[in-house]
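**Q** Sequence:
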Amino acid sequence: MKVEIERGAFAEIVGGAAKALAVRPTTPILAGLLLSADAERGTLRAAAFDFELAVRATAPARVGESGTALVSGRLLAEITRVLPDVPVELVLEGGHLTLTCGAYRYTLACMPVPEYPALPAVPAAVGTVGGAALASAAARAAMAAERDDTLPFLTGARLEFGPEHLRLVSTDRYRLARVDVPWQPAEAGRVAWAEG
587 MKVEIERGAF
597 AEIVGGAAKA
607 LAVRPTTPIL
617 AGLLLSADAE
627 RGTLRAAAFD
637 FELAVRATAP
647 ARVGESGTAL
657 VSGRLLAEIT
667 RVLPDVPVEL
677 VLEGGHLTLT
687 CGAYRYTLAC
697 MPVPEYPALP
707 AVPAAVGTVG
717 GAALASAAAR
727 AAMAAERDDT
737 LPFLTGARLE
747 FGPEHLRLVS
757 TDRYRLARVD
767 VPWQPAEAGR
777 VAWAEG
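According to the numbering used here, the stretch in the sequence shown is residues 587 to 782, in order.
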């Protein structure tokens, strides 16, 4: 694997994928961040998985040679935070990933990629919604969600898919929030809506 990528894009995908890393992984391999370079697409993907949450983040990169490396996710995330704003070069050789960025050079030991669990398939999109609108709706719905973990089923929000909007509903038994967000279903008539 041989890749050159802008530092900002690299930090974004590593930081995004690192959010799925378990604080105390059940197996050491789950502490790894999977880096996959694709020369045909010209992309670098960072992925993490803990059997409950899978995160994939992809960015454009100049890929000289495709390949996959599995390195310590927390260590790579910490290294990425201190890198200067110049392109990052990644080279995989003999079980080690060498990261070069300006005057900085790090060599990370790789974990065996075949031992890493297969990431779950990404489901087909059921529709499209604006990111800012969804974030705003989630923040408004969260106001009425239970904050105490003694009733865990009330700590989230129910998400209902309708023909013209998504509905987020949450309650803490004393307050109720219902927020509608416009959206575009992938297939008209495919989503059932139950009033009530």
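Honestly, the hints are just simulated from the structure, not real lab data.
Since we're looking at a predicted model, the values are computed, not measured.
Glycine included, C-beta positions come from ideal geometry on N, C-alpha and C.
Take the hints with a grain of salt, since some may be wrong.
Computed spacing ranges between beta-carbons, pair by pair [unchecked claim]: (1) R691 / D735: 40 to 46 Å; (2) R648 / A608: 40 to 46 Å; (3) P700 / H751: 40 to 46 Å; (4) R733 / E638: 42 to 48 Å; (5) A704 / R733: 22 to 28 Å; (6) G742 / Y692: 20 to 26 Å; (7) L720 / F637: 41 to 47 Å; (8) S722 / S652: 50 to 56 Å.
**Q** Decide, hint by hint, whether the structure agrees.
**A** Verification of the supplied hints:
At roughly 45 Å, the beta carbons of R691 and D735 sit within the given window of 40 to 46 Å. The hinted range of 40 to 46 Å is not satisfied by R648 and A608, whose Cβ atoms lie roughly 32 Å apart. Distance hint check for P700 and H751: the Cβ-Cβ separation is about 45 Å, which falls inside the suggested range of 40 to 46 Å. A beta carbon spacing of about 21 Å between R733 and E638 contradicts the range 42 to 48 Å that was offered as a hint.
Checked against the hint of 22 to 28 Å, the pair A704 and R733 fails, with Cβ atoms roughly 36 Å apart. About 39 Å separates the C-beta atoms of G742 and Y692, a value inconsistent with the hinted range of 20 to 26 Å. Between L720 and F637 the Cβ separation comes to about 26 Å, which falls outside the hinted range of 41 to 47 Å. For the hinted restraint 50 to 56 Å between S722 and S652, the CB-CB distance of approximately 40 Å leaves it violated.
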